[in-house]
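**Q** Sequence:
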Amino acid sequence: MLTAGLLFWLSANQIATSDYNWGLLLWVGAITLYVLSIAPWQKPVASWHWPRRLSFLAIGSILLLAIAARFWQLGSIPETLGGDEGSQGIEALRVLDGTIRNPFSTGWLGVPTMSFYYNALTIGPLGNTILALRLPWALVGVLSVICTFLLVRRLLSLTLALTTAVLLACYHYHIHYSRLGSNQIADTLFVALALWLLYRGYDTGNWRDWALCGVVVGMAQYFMLVRVLRASW
151 MLTAGLLFWL
161 SANQIATSDY
171 NWGLLLWVGA
181 ITLYVLSIAP
191 WQKPVASWHW
201 PRRLSFLAIG
211 SILLLAIAAR
221 FWQLGSIPET
231 LGGDEGSQGI
241 EALRVLDGTI
251 RNPFSTGWLG
261 VPTMSFYYNA
271 LTIGPLGNTI
281 LALRLPWALV
291 GVLSVICTFL
301 LVRRLLSLTL
311 ALTTAVLLAC
321 YHYHIHYSRL
331 GSNQIADTLF
341 VALALWLLYR
351 GYDTGNWRDW
361 ALCGVVVGMA
371 QYFMLVRVLR
381 ASW
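Just so we're aligned: the sequence shown equals residues 151 to 383 in this note's numbering.
Don't read these hints as lab results, they were simulated from the structure.
Note that the Cβ used here is the ideal one computed from N, Cα and C, for glycine as well.
There may be inaccurate statements among the hints.
Simulated restraints, written as ranges between beta carbons of each label pair [as the list claims (entries may be wrong)]:
1) D353 with T230: 41 to 51 Å
2) S307 with E229: 34 to 44 Å
3) L317 with D353: 23 to 33 Å
Using the sequences and the hints, build the whole thing.
**A** See the structure below:
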């Protein structure tokens, strides 16, 4: 609402601008204040009995497996840089050189520009390389394995959650898209994370989970929703 209010003020006072990068900071700040106002953070009480330690050890091992499968020789495998990868990489370079100045719009082929801003975080410091282009999406792929584990653990059981995490960590289709400089892999992260927070909020009645679920669903549209809508037309 803070960002929307400022944009309304600019419009009402006929103040034109073509640079909305400042709005990104307000957007993040507004989301943070919203979550804190709903439910202030409380330090969780951890229980470190042996079954819990073993489950952490197991998911840690799966996490290392997922990292190895997605980061090993990331700059050279796949050997060919796909057209979609290159096009989105060019859009990230346009963010860095100031050509794209609106993180809340769409760019190449209707892809939300927010994903190009995310890609620019690695291309900026690491340079115009294939590794820099693919690195953030490999990270998203690893995080989606963790979120899928949390979702299945919430819905069913620890054993099935660990099994699902292993299968996803080793799933060739998921590994392939995690190693591309393209935002398709973000679907698995946002869907699993939103559903986990939704079911946890429903089970526990914790307002923080409901708030975070809404934040995740809202953020997802800047990475995946436009593509889904376009596919349905």
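**Q** What hints, given by number in increasing order, does this structure fail?
**A** Structure breaks no hint.
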